[in-house]
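The listed protein sequences derive, respectively, from chains A and B. Just so we're aligned, residue 1 is where the first sequence starts under the working numbering, counting upward by one. Just so we're aligned, residue 185 is where the second sequence starts under the working numbering, counting upward by one.
Some hints could be false.
[Unchecked claim] Below are the PhoX-like pairs computed for lysine-lysine, each with C-alpha atoms no more than 20 angstroms apart in a straight line:
1. K363/B x K182/A
2. K178/A x K162/A
3. K497/B x K76/A
4. K63/A x K392/B
5. K392/B x K363/B
6. K497/B x K4/A
7. K70/A x K497/B
8. K63/A x K477/B
9. K66/A x K417/B
10. K94/A x K66/A
11. K497/B x K181/A
Note that these hints are calculated values from the structure, not bench results.
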Amino acid sequence: MSTKKLYTVIIFSENTVGLLNQIAIVFTRRQLNIETLSVSPSAIEGIHKFTITTFSTEDIMDKVVKQIDKRVDILKAYYNTDEDLVFQEIALYKLSTELFLKMGAVEELIRKYNARVLEMNESCVVIQKSGHYEETQALFKELSSTIGVLQFIRSGRVAITKSKVERLSDMLAEMENKLEKKRS
Amino acid sequence: MEKQKITGSEALMKTLVAEGVDTIFGYPGGAIMPVYDCLYDYRDRIRHILVRHEQGATHAAQGYARVSGKVGVAMVTSGPAATNAITGIADALMDSTPLVVISGQVASPLLGSDAFQEIDVIGITLPITKWAYQVRRAEDIAWAISRAFYIASSGRPGPVVIDIAKDAQINKIEYEYNKVNYIRSYQPLPDVNADSVAAAAELINQAKKPLALVGQGVILSNAEKELVAFLEKADIPFGSTILGLSAVSSDHPLNKGMLGMHGNAGPNRKTNECDLLIGIGMRFDDRVTGDLKTYAKQAKIIHFDIDLAEIGKNVPTTVPVHGDAKETLAAVTALLKPAKHTDWIATFKPDEEEENQKVIQKELYPKSGQLKMGEVINKVSEASGHDGILVTDVGQNQMMGVRYFKYKRTRSVVTSGGLGTMGFGLPAAIGAKIGAPDRTVCCFLGDGGFQMTIQELGTIMQEKTNVKIIVLNNNFLGMVRQWQELFFNERYSETVMENPDFVAIAKAYNIAGRVVDKREELDGAIQEMLNHDGAYLLVATVETCGMVYPMIPAGTTVTNIIMGDN
Chain A
1 MSTKKLYTVI IFSENTVGLL NQIAIVFTRR QLNIETLSVS PSAIEGIHKF
51 TITTFSTEDI MDKVVKQIDK RVDILKAYYN TDEDLVFQEI ALYKLSTELF
101 LKMGAVEELI RKYNARVLEM NESCVVIQKS GHYEETQALF KELSSTIGVL
151 QFIRSGRVAI TKSKVERLSD MLAEMENKLE KKRS
Chain B
185 MEKQKITGSE ALMKTLVAEG VDTIFGYPGG AIMPVYDCLY DYRDRIRHIL
235 VRHEQGATHA AQGYARVSGK VGVAMVTSGP AATNAITGIA DALMDSTPLV
285 VISGQVASPL LGSDAFQEID VIGITLPITK WAYQVRRAED IAWAISRAFY
335 IASSGRPGPV VIDIAKDAQI NKIEYEYNKV NYIRSYQPLP DVNADSVAAA
385 AELINQAKKP LALVGQGVIL SNAEKELVAF LEKADIPFGS TILGLSAVSS
435 DHPLNKGMLG MHGNAGPNRK TNECDLLIGI GMRFDDRVTG DLKTYAKQAK
485 IIHFDIDLAE IGKNVPTTVP VHGDAKETLA AVTALLKPAK HTDWIATFKP
535 DEEEENQKVI QKELYPKSGQ LKMGEVINKV SEASGHDGIL VTDVGQNQMM
585 GVRYFKYKRT RSVVTSGGLG TMGFGLPAAI GAKIGAPDRT VCCFLGDGGF
635 QMTIQELGTI MQEKTNVKII VLNNNFLGMV RQWQELFFNE RYSETVMENP
685 DFVAIAKAYN IAGRVVDKRE ELDGAIQEML NHDGAYLLVA TVETCGMVYP
735 MIPAGTTVTN IIMGDN
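Isolated chain A (complex conformation) (with noise of 0.2 angstroms):
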């Protein structure tokens, strides 16, 4: 058995209702957890990209892909590995702002994780980071130990492959080729 690694998937799709309930049946049939998912429009106009992470094997990741790919309304269908993207998570941090100035360290803090104060009020403070899984963690540790934290969120992954441009860009141009011949 080859042991089960983060995969991220990337799709392109067609901006139709139902997508993503298709998607996850993929992912469901082969009982593949979704870690993180984010949605949105792509570079491309009328297409949009969903960021999907899972733990699996590439055998199953190849499969995967394939049976997404299949479905008529989805453009295509990638996989990588952290290797191949450069990625990011955003997280928010709602804190009491009395124990956030008790502490005493708000600056070293916002330096040390490079965050950024978004709000504050006499009630709460709300701090944001973006990073790797890890970093975001670090920090959500670092506070819960310390003052505590009273409300934490985490984005899905959105991920950029370390190629140059989006790959569908070639496969749109071919399908266009294919359509104007058609025509002729």
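For chain A, the structure is supplied; the task is to place chain B on it using the hints.
This is chain B only, laid out in the frame that chain A set:
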């Protein structure tokens, strides 16, 4: 001048006609009534077959599609009608059958409110369709239906569900129809990769002991001629999957029979002896491969398939040939050197003789005892000149049917392969007869499966569908009983069936029939059935404890084959 407006229902009818539909299997109800009202005006162009249960509609549409190569169309109302259609939709996905299922839905303002007969059809059918789409606006009907036909019939075919809200059926629109034959995100016909074609040809040219596995993909891509040219040029013996049967006639010298759990000993054993295994339009299903850990480990594997997700799914592939079999087979054949594999092919002989002696002779030509299932099937096949269409249900009747029925023409087998749906046979036979009216349709059922969709006798009566129904009655759920005998210490848990008088039931539906239980009456009874002008039910009382052999127990390897000779 303003264009004349028509209702969504009429847009549906116009689009169906434009897509070449002349037959619909269906059942009306509340949320599809505007469409049925409109259908009344299209009676001269569209024949509607009123089934007796929506499961029957989807199976009949499957039977129709499988024999004709056209898209089968089923139409049902919302809620329970749509859920009744599910089994046929799932079956069509597993067996790559082009199907368009149109369901009515509650009016769009009611969606999501648990309205009467509302069910989330799209949510339910997404995992079992190629595409499922809900139409909420009349102006989307033509587009959605045309897209449905394109998706269902192209690439690897499959079922599509179009769920149409009632207000979309009623509202008026300016009709515009543009045939869909391109979807940006969907490439049904992959470009043939010249490198993989060359690599495949090279492996075949080098092979000393090649074996081909022929699947339904060959039939779906109309590649029967290309397949024969390919096999003959390189002199490659082959076995068929259950759905690949009839792609090549039964008596072709390279045809070594059926693969799989109850397939022929030769092609199954040779899978683990060949040096090159060539899968063509098949998916290495577990009923074909058994335990993957011991499957064809010695062989290089070429896999021809149009569905990229099938390549490497179950067995690692040496050379994948992704594409439509008609194109890829022709391309590879062009690069093949004519070869002869006489010695290799001769090695099938001992297996054939062993199986013939231990299994086939006893099953087909018993001298005494009760009728045997294989005996009945063989005689029906012979009496119809080995040129009928075989429709089966699921279980022993199916395995016996596909083992002993013979074929001359393609598209002669209609059976539920992947899903293994009991109750499939009778409605599928109706669809098959309507899809191929000039052919003799022989439908073999067990007493269990017959009763799962027995209500379709009403459809046969009303439509005067000339199907020959042969019930192999052993008063048992035979295949389960067989497993209980072999693997569950003969503990016959809930497999005994007390059956009604089937002939009397048929008679009530104005369908002729008789029981046959004596060997000397069998030929006469079969002739009577085939000569009868119209549907006929022949109930053959067969031995209670009949067994289908050979059998490779599930999840094991071919060396565990049971011949049933001790």
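Quick rundown of the hints versus the structure:
For the proposed pair K363/B and K182/A, the alpha carbon gap of about 14 angstroms is at most 20 angstroms, so the pair holds. Annotation: proposed proximity of K178/A to K162/A is violated, straight-line Cα distance about 28 angstroms (limit 20 angstroms). Annotation: proposed proximity of K497/B to K76/A holds, straight-line Cα distance about 19 angstroms (limit 20 angstroms). Our distance criterion of 20 angstroms between C-alpha atoms is broken by K63/A and K392/B, whose separation comes to about 32 angstroms.
Restraint check: the Cα-Cα separation between K392/B and K363/B comes to about 49 angstroms, which exceeds 20 angstroms; the hinted pair is violated. Proposed proximity of K497/B and K4/A is supported: the alpha carbons are some 18 angstroms apart, at most 20 angstroms. Between K70/A and K497/B the CA atoms are separated by roughly 13 angstroms; this keeps the pair inside 20 angstroms, and the hint holds. This hinted pair checks out: K63/A and K477/B have alpha carbons roughly 18 angstroms apart, not beyond 20 angstroms.
Note on K66/A and K417/B: the hinted pairing is violated, with a Cα-Cα distance of about 33 angstroms set against a maximum of 20 angstroms. Of the pairs offered as hints, the one joining K94/A and K66/A is violated, with about 41 angstroms between alpha carbons and a cut-off of 20 angstroms exceeded. A C-alpha spacing of about 33 angstroms is found between K497/B and K181/A, which places the hinted pair above 20 angstroms, so the restraint is violated.
This entry does not satisfy hints 2, 4, 5, 9, 10, 11, going by the numbered hints stated previously.
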